[in-house]
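Novice: Sequences are here, hints too, so could you generate the full structure?
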Amino acid sequence: CLMARAAYCAGEQNKFWEMNDRFVYNGFSRDRNLEHSLFKVAESISLDIEDFKNCLNSERANQAVKEDIEAALKLNIRGTPSLVIDNQVHLGALPPEILSKLDANEQE
4 CLMARAAYCA GEQNKFWEMN DRFVYNGFSR DRNLEHSLFK VAESISLDIE
54 DFKNCLNSER ANQAVKEDIE AALKLNIRGT PSLVIDNQVH LGALPPEILS
104 KLDANEQE
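Numbering of the sequence shown is given in this note's numbering, commencing with residue 4 and proceeding in unit increments.
In short, the hints are calculated from the structure, not lab data.
Hints may be right or wrong, so weigh each one.
Unchecked claim - Cβ pair distances, simulated, as ranges:
1. Glu100 with Arg63: 34 to 40 Å
2. Lys56 with Asn79: 32 to 38 Å
3. Lys69 with Ser40: 21 to 27 Å
4. Asn17 with Glu38: 18 to 24 Å
5. Val92 with Leu37: 26 to 32 Å
6. Arg35 with Ile88: 34 to 40 Å
7. Ala75 with Ala107: 23 to 29 Å
Just so we're clear, the structure is a prediction, and the values are computed from it rather than from any experiment.
Beta carbons are placed, not taken as given, at the ideal position from N, Cα and C, and that holds for glycine.
Specialist: Written as structure tokens, this is what we have:
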């Protein structure tokens, strides 16, 4: 759950999606020195490193990840990507045209 906590902590600094994009495109889950790599990414996306470090090992980050996992399990979500809109679960990658349609419906 280190990567989940890192994403949460990046989100506290309004950089969740930047951190997420690095995870998706760089394959960090196979990294042998994950924590070191996460701090390099944090620096590269201009996070306040001291705040990031404090958050990464905090109870609030652990609790946020735990709550997300519990919510996903209640919805029978077992992996990513998954999307929940109006309590309807969409599993797997959705084509861009479906995402656009969902986004348009949300904005109405």
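Novice: Evaluate each hint against the coordinates.
Specialist: Do the hints match the structure? See the list:
no., hint, in the structure
1, Glu100 with Arg63: 34 to 40 Å, "38 Å, holds"
2, Lys56 with Asn79: 32 to 38 Å, "35 Å, holds"
3, Lys69 with Ser40: 21 to 27 Å, "23 Å, holds"
4, Asn17 with Glu38: 18 to 24 Å, "22 Å, holds"
5, Val92 with Leu37: 26 to 32 Å, "29 Å, holds"
6, Arg35 with Ile88: 34 to 40 Å, "37 Å, holds"
7, Ala75 with Ala107: 23 to 29 Å, "26 Å, holds"
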